[in-house]
Every structure is written in C-alpha cells, then in structure tokens.
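Here is how the chains run, residue by residue.
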Amino acid sequence: MAFLEQHIHDAPTSFWSKYIFSFDHKVIGKQFLWFGIFWLGVGGLMAMMIRWTLAYPGVPFPLIGGLMFPHSGGVVPPDTYAMLFTMHGTIMIFFAITPILIGAFGNFCIPLMIGARDMIFPTLNMLSFWFSMLSGLVLLFSLTLPMGAAAGGWTSYPTLSTNIGQPGAGQTMWLVSLFLFGVSSTMGAVNYITTVITLRAPGMDYFKMPLTIWGIWLTAILNAIFVPVLGAGLLLLTFDRVFGTTFFLAGAAATSGKGDPVLFQHVFWIFGHPEVYILILPAWGITSDLLAFFSRKPAFGYKMTALSLTAITVLSTVVYGHHMYTTQMSPLLTQSFMTLTMLISIPSAIFFANWLGTLWKGSIRFHSPMLFSLGVVFVFGLGGLTGLYLASTSIDLYLHDTYFVVGHFHYTMAASVLLGGFAGTYFWMPKMFGRMMDERLAKIHFWATFIPLNGVFTGMMVLGYAGMHRRLYNPFIYEFLQKLMPINKFVTYCAIAMGVAQLFFLWNFFKTIFGKNIPQASANPWEVGTLEWTIPSPAPHYNFDEIPHVKCGPHEMGNPNLKTGRDYQYQTEELVKS
Amino acid sequence: MDISIPHRLIGLVAQGSELVVKASEQMSLWERMQPPVDISTSGHLIHWLFNYTTYVNLFWFALVCIGLFGFSFLYWEKRHKKALYTHGNEKKHLMITAFIGLGVFLSVDLVITKVTTRDMKEVFWNFPVNDPELVKVQVLGQQWAWNFRYAGVDGEFNTADDVVQLNKLVVPVNKKVMIQMTAKDVIHAFYIPNARIKADAIPGRFSKLWFDTTKTGNYEIACAEMCGNHHYLMKAQLTVLNQEDFDRWVKESQQIAIATNDTENMDLRWGWKWESR
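Chains A and B, in that order, are what the protein sequence lines are.
Residues in the first sequence are numbered consecutively from 0, following numbering that gives the first Met the number 0.
Residues in the second sequence are numbered consecutively from 0, following numbering that gives the first Met the number 0.
No lab work stands behind these hints, which were simulated from the structure alone.
Keep in mind it's a predicted model, so treat the numbers as computed, not measured.
We put the beta carbon where it would ideally sit given N, CA and C, even for glycine.
Check before you lean on any hint, since a few could be wrong.
What the hints assert, rightly or not - Listed next, with one range per pair, are the computed distances between beta-carbon atoms:
| no. | chain 1 | residue 1 | chain 2 | residue 2 | range |
| --- | --- | --- | --- | --- | --- |
| 1 | A | 526 | B | 89 | 20 to 28 angstroms |
| 2 | A | 316 | B | 128 | 22 to 30 angstroms |
| 3 | B | 93 | A | 201 | 38 to 46 angstroms |
| 4 | A | 201 | B | 68 | 36 to 44 angstroms |
| 5 | A | 316 | B | 254 | 35 to 43 angstroms |
As the list claims (entries may be wrong) - Some residues of chain A that are not near chain B, with every Cβ distance over 12 angstroms (derived):
| no. | residue |
| --- | --- |
| 6 | 133 |
| 7 | 204 |
| 8 | 317 |
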C-alpha cells in the first residue's frame, strides 16, 4: 500500500499549543474524551430528574430541586420536564456518545492501530474538536434563556419545533448547535476515511486492520454521507423559524403556502437511522477485538465479522422508514421498510455467532475491559432482538411511541455503547495516559452498572408493553397506567443505582490520571499484538519512530508454533508456521 | 428555568399519585405487567405475533446466554490454560455460522414479515368503507384536546347539524368504527390502548384507522406523540355503548346539536367532506 511521507516536527512546548490548540491526534482524542465525560454527567443528571418525576410526580427533586426550580418548590415543572427529555436525548447522542466513541477512540486509535504518525489532516482534526466545543457551548447557553432551551423532543418534529410550538429562542439555538456539530462530525468523518485509506502502514491490508478500525471507519463513512442530510433538514427548519418560509408548515399553522411536516421526518430519519449504527459500530468493533484479545485466540471468522459489519452499514441506509409507520406512508413503502429492517437480523446473527465462536475454547481472562465487552454481547443481544417487535408494522401499531421503544433503543444505543465505551477506556487507558486504572474499582464499576442497567431498560420495556406511552409528565392521570406506579419506582431506583455506580468510574479515572504514586504502565500490559502496543506507554510524540511493516493479522494469539515464550505475536512479526 | 407553573397543578398531580397507590395496592406484579384489557376484534393478531416473537427471541437469546455464560465458565483461564488456535474460517465453521444465519432468517424474518403482511392486508389496512353500518367519525387533534365530529341528521360532514364533541368519543359495541383525522397545530397521535391501535394526526394530512369493539364500558384515549408541554393532559374518553343506548345517545345529541350549534361560528366548521377511499 502506498503511503504518504509523514514528517516528524518538533513537539510543541507551550501550554496552549500542547494541550489546547493541539494538532496531535492523541491530545485531540483526550480532549474529546473529557468533553464527552462532562456531557455524560450533564445528560445523566437530566435522566435522574426525568426518572424522579415519573416515579414521584409532584414531589420535589431531592437535594438540588429547591435550588433549580424555586418557583415550584423544587418540583420539576411540566415545561422543564419537556426540556429535560429533549436535552437528555440531544446531549447523550451528540455530545456524550459521539465524542467518546467516535471523537476519542476514533482519533486515538486510528493512527496508532494502522501504524500512522498522525491523522492525515491534523488541522481539520483540531477544527473538528473546536467546532464540537462551540456547538456544546451554544447548547449550554440555550439552557439559560428566559424561555428555556428546546423542548420539542430530540427528534424536534415540526410543527412543534416551529414557532407554533416552540416560540422561544431555545429551539433556534438547538438548530444552530446541531448544525455546528454536524460540521464538526463531517470534518472528523472526512479525516477518518482518508486516514484509513491513505495512511495504513505498509502491509496493513484492509483485512489485517483491527475490527475496531473497521467499526470506526464504517461509522465515518455513514457520518460523511448522512450528517449533511441532517444539516439540510436543520437549515430548512431554521428558515421556517427565522425567515418565515413554510417548508414544514401545514394546516391552520400555515398562513401562506403549504409545506409538509412529514417531509422533515423523512429527512431526519434518513440521517437518524444510520445514526443509530454510527453510534454502535465503533462499540461493536471494540467488542470484537477485545473478545479475541482476552480469550487469547484469533477473532473467530474475522473476515465474516468485518463483512457483516459492512452489510449492516449498507442495510442501515435503507431502513429508516420503520420510525414512521404511524405517519401512514403508502403500504408499499411501509412493507419494503419492514422487510429491509428484518434483513438486518442476518448479518447480526452472523457476527453474534462469531463473537461466541471467539469465546469458544479460549483461555479467557476476565479483566475489566473483557467484562464490559461480554456485557455488550448480553445487552446488545437483548436490544437487537427486541427490535424485531418494533420492525413489525402491526405490533408497532400498539407499541409505537411507548416505553417499549424507549427500552429498546436504550439497550442498543445507550447500554451497549456505554459498556463498549467503558471497555475501550479501561483498555486504552495505559496507552493514553501511561497508567493502569484500578482493576478492583473497575470490576465493582462493571457489576454496579450492569445489574441496575438491566433493571432500568427491561423495566422500561415492561412499562411499554403495559401501554405506557412516552414523554408524559405525569403518566398517572391515565387510569390504565396507574397500576404501573411501582414498576416506575423500580426503574427509578435502578436508574439512581446506575447513576451512583458511575462515581466508581469517575473516582478511578481521576485518581489514575492525577493521583500520586500510580505506577507507570508497561508498553504492553494486556499482552496483545496490535501496533499501538509495540510502542511505549503513553504513546510518544508522533507514535512511531519507524513506520512499522505489518506482516500478520491483529489477533494472532495462542499459536502453538510460537517459540518466543509469549502466547501472542505482534503484527510486525511474520506469522509463525509449523 | 424561572418559569412558574400554577401551584394548583402540582397539587393535583400530588393528589393523583395518592389515589394511584390506593387503586392498585392488591395487584401482583404479573397483573401489573399486562396490557389493558383488549376490547377490539383485531388486538389478538398483534398479541399472537408479539407472543410468537417472544418465543423465538427467548430461544435465540437463550442460545446467546448459553454461549456467553457457558463458555465464560468452561474456558476461564484457570480452567482452560491453552486456547485453541483457530481463525474460525474453516469450512465447517462457515457452515455453522451460515446455518445460524439461515435459522434466524427462517424462524424470525420470514414468519414475522409474512404474518404482519397478512394481518395488515386483511385487517388493519382493509378499511371497511363499504360496510353499510359503518360508524364514521372525524377527529381533530389540537393542543391539548381531541375534537370528535359525527355527521348529524343529514349524514353529511361539516354541516351545521354535525354532532361535535370535546374529548368524548361514543361508539356502539360490535360495530366497525372508522376514523379520519388531522391536526390543527402540531402533530398528535391518536392512541386507544384498549384497541391496540394508533395513528398520527398530522396538520395538512388525513390519516385514518378503523376498529371494532367487543365490550361496552369507558376507556381512555391518549395522545402518543409529543405535542408540547402539556402533552400528558391530552386525554379523551372512549365510551362503548350497546346499540340501544348508542341510538338513544345519537338522537339526543343530534337534537342538542340542531338546537345549540351556532351556525355563524366558523370555528365549529373544522370538519371536511368524508373521504370515501
């Protein structure tokens, strides 16, 4: 593979060029990580308020309620409630998951794992982070507006999100913020795609790349194609709000001309459904690699897994209509979307079989990254299978917009992605910061997260099956939902437990980075053979003194012919044959 | 966040939650998990498919769990020191994987797609437009209420004698009811949990659905699509009467409509000519 010459410049010396406006992919990756963890906290706190309101309607939010909602005696008011779930969705998807899984791991892992010294466009990379920052600030600022931030749901369907339903500036700020975010994502995506294509070290064929890179690369392709579609929708909606156009206005609301609110849904979900896979693909990639690393054997059916991920990527672009069954598209369209959606189960079944095949007859080491990866297999199993109910048009008549949907998409997008993100963080921590995280705290963190997590999201599906619909400030004004009070309380308790469990992570994370007397990690603490582990920890300036030459696959472990005393071999070594 | 809300509202909410606890103290968890009573003739189709999906899901998820927990137990480093060196790309491995993929396709995709298609075609999309006894109702969703319109004595919609109701839908038992709907301001979704049915009411568009009831009584209608801060208050009542009571109700309401409808008030004329498709 042809590769571009990668020059080594001097390391930056000033604080600003080293930590703030850095061109270094590793620093940018860490910036995204901090950014993501901050927003994860904000979004998590919002989730607590939402859950509290559903379990204790009319009861003041404990501790900080009085401070935050003084006009209602500490109770979350209905308008704030709408704002909270809108912001929770927006923040978690765009400002927590995307920066951590794509921004942090994408930036950090791509050059290190393909044997490059940096991303191909370092300036674009830096800009990508600062555009994210800008968009985050706009969103944060919108929370302080007198009429509040956007409150029309994270999907912001018009006409609710036009001036009819959202007269305040919050919704416009939301649009501006997401547009900026889209710019940032697109810049990142272009950079990732090009880097993987052009900067792979000599010998690093596509089918020798770690599956993490496969996941991130496919994500970047989806991002580059579909984020601009969202951008178009956001722009049109902004025009409707600011310049008085009527792209999405109809009915009594449209004083002139006639648009169609459903048009926005099409535009939104053309982006929105691939977005689900944009979020999950990196986590799948990380999981596929880690399962092999900690089972001490090559990934089972590596090529099939990579191809299944690709097949899912392609299919994900043509299934978006299953979000819109209740808008009553033509039966032909509805049927086609249902059939295509169902097809996703085949490649999913294949890589699930391969994941289990990887564990089969391994020699499994239950370190914390492995525990989290096994967790991904479990929760994505549940999340994927429950999607089958919702793909069916007739079941969807009953379950659409109920908590069943909420439980399902949290299993796929929140639970699996979160666990995958933690797996990655624990795994690459030594390479990022040169220190190992506390393994005991990490294991406590896993169990304290995993058990309540299932309580929360299974509980939600039970609520949905019993008929509870979404986005209700107080579900119990409906008689048929009143019996669900105890289940709602249970879900809330689990959510609080899961929230508290994250303190173990935060403590561990900060202690490792800033604590004193933390031993330095060795170059290869997990004993794996991908390229990032051939260099010291933390990864040095410009990563590789010599661009490595790749000679074997990423998971060459347990080879009986190895005579080196190790059970793994580096990708730079010739595959040992008998 | 300094928008005040009426304290009265919060009082109501708190009061409501006290009532809740009393009403359902005696229920078992299993009873709580059940959907509301099914009053429709089509709901069992949804439940059959739901249950079928649950059984195949349990089967496949059990396999995942056996692999996940079984292999984790058997091949723990301390029990199984030497990993088997295989890339899983031999013919037999590919066969197993392909077999699993095929199994999923046959047991899940094929059945669900087929049954759904059949149910949609024969029932949910098969609108009873030619049923001579069809009860026709027009629905307008608005922030935050449901308006219902019956054709009145002349059988024509959007005329001065229409019976117009706020948050109250009355239908006869065992008769097919067809609803055409739209929305005034933002998108709403017309949701009758007891009939297992739902459709969006969208400004500038007509949506339609039909259902058929089997039990008399009072049930709830909800808005399922986020439609603003008071989305949760957008609740209406569905009253299913036996034929006699319904006929009496129709007669009375028609008389009231003729006597009280203000023919000058154009706000009452939100209806439209019934779409016969």
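Hints, one by one, checked against the model:
1. 526(A) <-> 89(B): 20 to 28 angstroms: Once the Cβ atoms are compared, 26 angstroms apart, the range 20 to 28 angstroms for residue 89(B) and residue 526(A) holds.
2. 316(A) <-> 128(B): 22 to 30 angstroms: violated (37 angstroms)
3. 93(B) <-> 201(A): 38 to 46 angstroms: violated (30 angstroms)
4. 201(A) <-> 68(B): 36 to 44 angstroms: holds (42 angstroms)
5. 316(A) <-> 254(B): 35 to 43 angstroms: violated (58 angstroms)
6. 133: With a cut-off of 12 angstroms, residue 133(A) remains clear of chain B, as the shortest Cβ separation is near 23 angstroms.
7. 204: holds (15 angstroms)
8. 317: Given a closest Cβ separation of 15 angstroms, the condition holds.
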